[in-house]
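**Q** Here's the letter readout for the chains.
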Amino acid sequence: MSKRPDLFTSYQKEISIFPNNTQKFWFVTLLLSSIYICFIASDYWIILITNALLVSIAAWGLNIVSGLAGQINLAHGVFVGIGTYTSAVLGGVATRSVIGFEMDLLIWLPLSGIVAALIGVLISPIAVRLKGLNLGLVTLAFVFIGSHFFSNLTFITGGSGLGRKSAKLNILGIDFNSGYEIGNFLIQKNQILYLISLLVTVLLGLGVKNLVRSKTGRAFAAIRDRDIAAEALGINLFKYKATALAISCFYGGVAGALLTTTFGGVEPGTFNLLYSILFIAIVIIGGAGTVLGPLFGAFFYVLFPAIIQYVVLSSNLSEQDLLITPQQIERIIFGLFIILFLIFEPRGLWGIWFRLRNYFKAWPFSY
Amino acid sequence: MKNAVEFVNVSLNFGGVKALDDISFEVKEGSLFSIIGPNGAGKTSVFNCVNGIYRPTSGEIKIYDQEIADLKPDKIANLGVSRTFQNIELFENMTTLDNILIGAHKHINYGPVTSMLRTKKVKNQEDEARDIAEDVIDFLEIEEHRFSYILSLPYGIQKRIELGRALAMKPKVLLLDEPAAGMNNEETEDIARFILDIHEELGVTIILVDHDMNMVMDIATDVIVMDFGKKLFSGSPSDAAKDQSVIEAYLGVSD
Ligand SMILES: Nc1ncnc2c1ncn2[C@@H]1O[C@H](COP(=O)(O)OP(=O)(O)OP(=O)(O)O)[C@@H](O)[C@H]1O
Ligand SMILES: [Mg+2]
Chain A
2 MSKRPDLFTS YQKEISIFPN NTQKFWFVTL LLSSIYICFI ASDYWIILIT NALLVSIAAW
62 GLNIVSGLAG QINLAHGVFV GIGTYTSAVL GGVATRSVIG FEMDLLIWLP LSGIVAALIG
122 VLISPIAVRL KGLNLGLVTL AFVFIGSHFF SNLTFITGGS GLGRKSAKLN ILGIDFNSGY
182 EIGNFLIQKN QILYLISLLV TVLLGLGVKN LVRSKTGRAF AAIRDRDIAA EALGINLFKY
242 KATALAISCF YGGVAGALLT TTFGGVEPGT FNLLYSILFI AIVIIGGAGT VLGPLFGAFF
302 YVLFPAIIQY VVLSSNLSEQ DLLITPQQIE RIIFGLFIIL FLIFEPRGLW GIWFRLRNYF
362 KAWPFSY
Chain B
631 MKNAVEFVNV SLNFGGVKAL DDISFEVKEG SLFSIIGPNG AGKTSVFNCV NGIYRPTSGE
691 IKIYDQEIAD LKPDKIANLG VSRTFQNIEL FENMTTLDNI LIGAHKHINY GPVTSMLRTK
751 KVKNQEDEAR DIAEDVIDFL EIEEHRFSYI LSLPYGIQKR IELGRALAMK PKVLLLDEPA
811 AGMNNEETED IARFILDIHE ELGVTIILVD HDMNMVMDIA TDVIVMDFGK KLFSGSPSDA
871 AKDQSVIEAY LGVSD
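Sequence lines, in order, name chains A and B.
With this note's numbering applied, the first sequence corresponds to residues 2 to 368, in that order.
With this note's numbering applied, the second sequence corresponds to residues 631 to 885, in that order.
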């Protein structure tokens, strides 16, 4: 008789990330192949996947405050912007129009998250007292206030239409801005950024996973589902809502810093309302309140247009034949997906994956 | 003996409605105190005032001699007051275990950053919280529902789980709002047995609101009777059953 793999021996094992070796195996395989990819893929794909990883981090942030703690936030993009400019100021080069301190990544990356989190804490006294529509409206106001600052603080942002350069890539005093030679092997800046993003994604992903299986994560969910009962059980609503916002902003800030560094520069108009809404869409499509959902949503959002473009380009059809551009096709399909997921699969792509996985777990005995 | 809960001339108005009208009573530590009265008498309002969901319009409420006027519900919970709700307020999309672990919230004291790092401290305290939860699960005989989602469970079991969630707080004072409502005789007997065990074995002071007169008469040590926000009677259960004003106001109406 074979052992029953689902029989656990301790509480910790029951809630461990990899309850069995199969899961550990898949995780390690995925991680190793992710590292390998950056040595074989073209620049185009490396940048695309880096982008997807970083968008995942930002989406995880929004998912913490909205998906887990149930507090709507229409201004997540503003916090991504705050992280962006913290990194650009601390790690960027000063010019005649903007300030910059050329610090190390090990300084500007954590600080980008921390500054965003602090500003989150600063506005939390307003945010924690509101819920539902009122909270939505106030966070909407933050978007406009944020946009105003971004376009007017020209010594930080470079101003509308012009923008500024991103942080430099110096780590532990080593300059990686034009690649790095190990022996006679040259590792490109893009590849380094990819690997950093991968590392940060794994670490912050673990952070989310740990959060949901902790006291803090349970308190978030309790507030989301029934705030009165949560409070009666000794959960301080203000404290936990502020905590959720702060953590969420930290993720947004870190993502913003690395996103801008990947692109090399940024224009303040980027952080408009649409940008914030985009993260909401990604969380919904991926699966709100789930750990892996935002990752799925982000990859879908970033890779889907690339695939559409690829299909359109390789089909030899011109834009005149199609009547609409690939971008338009992509927007329409993306919008359609949001609606379809809201109606048919509130748990998003994660929900679909979950069912597929359970199906194959039981395979060939599907019941 | 100490007073666990004390109401001094408490009134609570909602517009024109006097939900509580100059109510005074004392709940002695260690008693099984019951509040009865017809629909709309103000019983749930008493609970909502005790745990800080409502603020009295006038009067004083003390928990272990501490005035609670400016305490929020979570602070009052930290004084050792726990409750169940008349209409089940469980976290329906979570499992029984998660609900009960949330009940154990105040016994865990690591912070949010530690949560994310999942340090040794987190693991140890999570194990301790799980032990508390398992004790409660054992006590209420709900082992088989441990990993079930609340939505999938029958009403009677949900009521029991809500009691478990309140117990996981290890309260000094437990407020039970109609724990036997909507239950058949057998289920009511089970609940009565659990309430007695909580009172006697765990030594918890209990305030019980219920319509089931038989159960209240059987298990309560003290009773107050309310109608239209006023206190009609206070004394022992057997005296309450004989009291003329109680019979008119309450027993007459309910049957
Ligand atoms: N939040 C509120 N707003 C307005 N009126 C309220 C509110 N809460 C209670 N009331 C009113 O106060 C009175 C007492 O209500 P309460 O719920 O305390 O009664 P109860 O004794 O618990 O009744 P039941 O046996 O039906 O549960 C009722 O008239 C009720 O309508
Ligand atoms: Mg009631």
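Check before you lean on any hint, since a few could be wrong.
To be verified - Derived DMTMM-like pairs: lysine to aspartate or glutamate, alpha-carbon spacing no greater than 20 Å straight-line:
hint	chain 1	residue 1	chain 2	residue 2
1	B	Lys-753	A	Asp-228
2	B	Lys-751	A	Glu-15
3	B	Lys-658	B	Asp-848
4	B	Lys-702	A	Glu-15
5	A	Lys-14	B	Asp-761
6	B	Lys-800	B	Glu-817
7	B	Lys-702	B	Glu-719
8	A	Lys-240	B	Asp-700
9	B	Lys-736	A	Glu-346
10	B	Lys-750	A	Asp-228
11	B	Lys-800	B	Asp-848
12	B	Lys-872	B	Asp-848
Unchecked claim - Every beta carbon over 12 Å from chain B, so not counted as near; a handful from chain A, in silico:
hint	residue
13	Gln-13
14	Leu-134
15	Leu-337
Keep in mind the hints are simulated off the structure, nothing from the lab.
Please read these numbers as outputs of a predicted model, since none were measured by experiment.
Here a beta-carbon is modelled for each residue, glycine too, at the ideal position from N, C-alpha and C.
**Q** Looking back at the numbered hints, which does the structure fail to meet, lowest number first?
**A** Result: hints 1, 4, 6, 9, 10, 11, 13 break, sorted rising.
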